[in-house]
Amino acid sequence: MLDFVQQLVSGVALGCVYGLIALGFVLVYKATEVVNFAQGDLMMLGGFFAFTFIGMMGLNYWVGFAAAVAAMALFGMLAERVVVRPILGYPQFSIIMATIGLGYFLRSVAGMVWGTDDFKIDTPFSQGVLRIGSLVLAHDKLSVIAATVILCALLWLFFNKTTLGTAMRASSENMLAAYYMGIPVKRVVSIVWAISAAVATCAGVLLAPITFIHSNVGLVLGLKAFPAAVLGGFGSIPGAVVGGVLIGVIESMAGFYLAEGWKDVAPYIVLLAVLLLKPEGLFGLHVRKKV
Amino acid sequence: MSYFRAENLSLHFGGLKAVDAVSFAVERGEILSIIGPNGAGKSSIFNLISRIYRPTSGRIFFEDQDITEQPPYDIARLGIARTFQNIELFENATVLSNLLVGRHRHSTTQLWQELLFLPSVRANEKVHRRRVEQVIEFLDLEPYRDKLISGLPYGVRKVIELARALCSEPKLILLDEPSSGLNVEETDDMSFWIRDMKSELGVTVLMVEHDMSLVNRVSDRVIALNYGRVLAMGSPAEVQRHPDVVAAYLGA
Amino acid sequence: MRFLFKTDYEDDIRLFPHSGYIVSYGLLLAVLLIAPYVLSSYLMSQLVFVCIYATVGVALLILTGFTGQASLGHAAFLAIGAYTAAYLQKYNVPFPVYFLAAGALTGLIGALVGFPALRLQGIYLVIATISFAFIVEEILARWESVTNGNEGMRVKAVSLLGVTVSRDSPTFYFICLAVLVLTIVGTLNLLRSPTGRAFVAIRDSETAARSMGINVALYKVKSFAISAAITGFAGVLFAHKLSFISPEMFTLQLSIEFIIVILIGGTFSLHGAVLGAIFIVMIDPFLTYLKDDMPGIIAGVAATFGAGSATAGNIQSKVAAFASLNGLKGAIYGIIIMLFVLFEPLGIYGRWLKIKLFFQLFPLYKRATFKRQKIYVKSERNR
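Chains as they are written, first to last, in numbering that gives the first Met the number 0: chain A, 0 to 290; chain B, 0 to 251; chain C, 0 to 382.
If you are wondering where the hints come from, they were derived from the structure by calculation, not from laboratory data.
Glycine included, every Cβ here is placed at the ideal spot set by N, Cα and C.
Careful, some of the hints might be misleading.
[Said to hold, decoys possible] The list that follows gives simulated cross-link-like pairs (lysine-lysine, BS3-like), each with its CA atoms no further than 30 Å apart:
no., chain 1, residue 1, chain 2, residue 2
1, B, K146, C, K155
2, C, K353, B, K146
3, A, K277, B, K170
4, C, K365, B, K146
5, C, K355, A, K185
6, C, K365, B, K125
7, C, K240, B, K146
[Claimed, not checked] Among the chain B residues that face chain C by a calculated CB cut under 8 Å, a handful are:
no., residue
8, F83
9, V100
10, H103
11, L110
12, R130
13, L138
14, D139
[Unchecked claim] Some chain A residues flagged as far from chain C (calculated, every beta-carbon gap over 12 Å):
no., residue
15, V33
16, V34
17, G57
18, Q91
19, I94
20, P183
21, S214
22, G232
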């Protein structure tokens, strides 16, 4: 039983990271119908920025964290402007390929700049543990869960309670109509990319104590976040996080209770099963074309 | 028995009754028009017939065969072709290959024969090609044969959709607003073609249309719908004089 | 500019619309046939890879370009073909038999993947195929009794009619070339028959395809099966060419490379698949060249423009250091993909068509002829 709870918590913590990356996917997808295959690499880059600020320049953890988030938000805007905006409105597949290209590029450049070693960021939560009876919960894992909850709440408020959030939802429904209604669609899209890169950075920094940051971490985790986003229906913010947590828990349970090898494929098997039974994901809407 | 028959056809989306217990029959060789204000359920009836939607209740018969449970692709094989209100052509293909897709229900060749392009496939292709050419001639589409759809104007696309439906040599053709988006001349052409389809090709026509002048010119009978229910049925003149129809259109 | 006057329905059906095609493709074939006796063994080896990649490219084109079903799992099909060959070879099954068996098995598995894919669209399909590929990769690594796990499997040379065909021999190249040519001819045949048209119809509008009597589900499964089977055939050749296979060769990276093949070549044409294959296979020798010769050349150029020998040497070492940076290949890949999507969406073959048209219409060519149409309305989500 204790093992189970222990596994559950680490699964949820890992799942929260997946969820945060998936959240980035979903934000961009909702606003522009672009599936950003480079989302995991944005997370990796965010982690490296934070490492540079905190580990190399010796800034305070929180200052470095904020600086990394800000820098990545700018970088997200830049990436959108250079790679995505010129091809917005073209078939989805072209845009997917462009973001795959972006991912390749970011991974290699990160490898060139920071090398291919593993890096670790020291955080205020790295050491401590929370003891409840004989249950031992590491602070770093709890911090990931707490941060995810806070971020989700903020994003939910942003999307549902602010004018900008409403504008984003409008342009996600129909970009052209939103544009005619006076919503500055280009700026909205740009901001969405900034937010999504910022969320990815949070994921990267929170992840740093759990696993290490290296130039391929984005690819590995990004591919786990995909199933998360799909499980959640690819259009729903809470869906993404729930999907991420599910994937994280499945992975950690499969790693603990099943034979070696299941850990890596279990999320994909579950994903295929869900897609078979419910092609639009757990929280997705079924829309059909009108003729 | 009637040629084509819908019995108590209903389509409900939650509480909304898009089509509500509609019954009608089409006789062989006639042109029957369905009219009604926007949202009256006209296109929904077409979508029920071509099985894009599954009816909530009711049955559909064609040539005394119950086709309510047939899969969508079988409807075309039975000889019912259709056009779409907002044009559903194969955008990135030429006019010719669009029309050849219309011949699909007559193709009999197997995959392995096609991979080798055996003489039987070649012979079949030539037959298809000849049939398509007849339709091209019938609808004056010669200038567009090898053009890509994506570069053609709306009026031409509308005709190509009609042509594609005719290429399948249908017994019954469903025309969903054939004149929408066309100018006066193009509408005139369309009305001639619809009448020629009946007299020369012997096709039975079921049509949804807004343009009353077109309806008056070509229809043998008219059905008026509102809120998913049949208001009136009869000759064009009768239906237009029917008090319920007048009320529905003028909003009294 | 040449005008074609059609006088017979045959004119629309035949593969070579006019005699010019026969001449140019005949010449190309002649060049390809004498290539092994002219080119260096290294270039021959690359040419074999071009054939294999182009075969997979055509397979992917059938599924993605013509039927409109995206797949990022073709490495898995390649792996199934390769492993089937390697496994059957252990039991002394003759080459023609295991070659066909590999294609048949891969085609069957392709059809099985096609069934769940029926209900999926766009991004969901991409992710489902990625998942499938991961699962296959994991099975290959774990099913040690058959696949020898991560140790990998040795693949002996092809033995055809009692003769051993080494993987570097001209005969092996001819086998690969024959497979490619047959694949292309078969695909062209398919495209001019009802099945090929049904594929294109499904790509452009499933609703209309259905209303024209096309059993969309059946044809999607067919498309998956054909594409997978061809990839399986290519897998057999791939295994023989490498003479050793292991699970980590068939990763997502390889699937992405296949997509790059058709993307860079041009998504709608068979020419594109071949050009894209040449591109992706030749990028490696090009990078090697960059590493070995570029620094010297740049330094030479700098020297001619008056830089002192010290500066030139400095430049040379800097360029050399840059060219041998780890991961430069990835960065170049990334930049190439992005540049193609942004500026050359019709691929290399599209560029060729544009150049051809430019000279045919000179001086009346207008750029807008090839302009893509943008669709800002959310169409793909509810198709």
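Grab the minimum C-beta distance from R130(B) to chain C and call the hint holds if it beats 8 Å, violated otherwise.
violated, 11 Å
Do the alpha carbons of K240(C) and K146(B) lie within 30 Å of each other, as the hint requires?
violated, 44 Å
Find the nearest Cβ of chain C to the Cβ of S214(A) and say whether that gap is larger than 12 Å.
violated, 8 Å
Pair hint outcome, K277(A) versus K170(B) [Cα-Cα no greater than 30 Å]:
violated, 38 Å
Minimum Cβ distance from Q91(A) to chain C greater than 12 Å, as the annotation requires:
Incorrect as stated: the minimum Cβ-Cβ distance to chain C is 5 Å, not above 12 Å.
Hint consistency between K353(C) and K146(B) [alpha-carbon to alpha-carbon, up to 30 Å]
holds, 17 Å
Should the label of G232(A) as a non-interface residue stand, given a Cβ cut-off of 12 Å to chain C?
G232(A) is in fact no farther than 12 Å from some Cβ atom of chain C, at 10 Å.
Given a cut of 8 Å on the nearest C-beta pair, is the interface hint for F83(B) held or broken against chain C?
Holds, because the Cβ-Cβ distance from F83(B) to chain C comes to roughly 7 Å (cut-off 8 Å).
Taking 30 Å as the top limit, are the C-alpha atoms of K365(C) and K125(B) close enough?
Distance ~36 Å between K365(C) and K125(B) Cα, so the pair is violated.
For a C-alpha distance cap of 30 Å, please report whether K365(C) and K146(B) respect it.
Between K365(C) and K146(B) the Cα gap is close to 18 Å, so the pair holds against 30 Å.
Taking 12 Å as the cut and beta carbons as the points, is V34(A) off the interface with chain C?
V34(A) not clear of chain C: closest Cβ-Cβ about 5 Å, inside 12 Å.
I94(A): least C-beta distance to chain C exceeds 12 Å?
Given that some Cβ of chain C is not farther than 12 Å from that of I94(A), nearest at about 8 Å, it is violated.
The structure shown violates the earlier hints numbered 1, 3, 5, 6, 7, 12, 13, 14, 15, 16, 18, 19, 21, 22.
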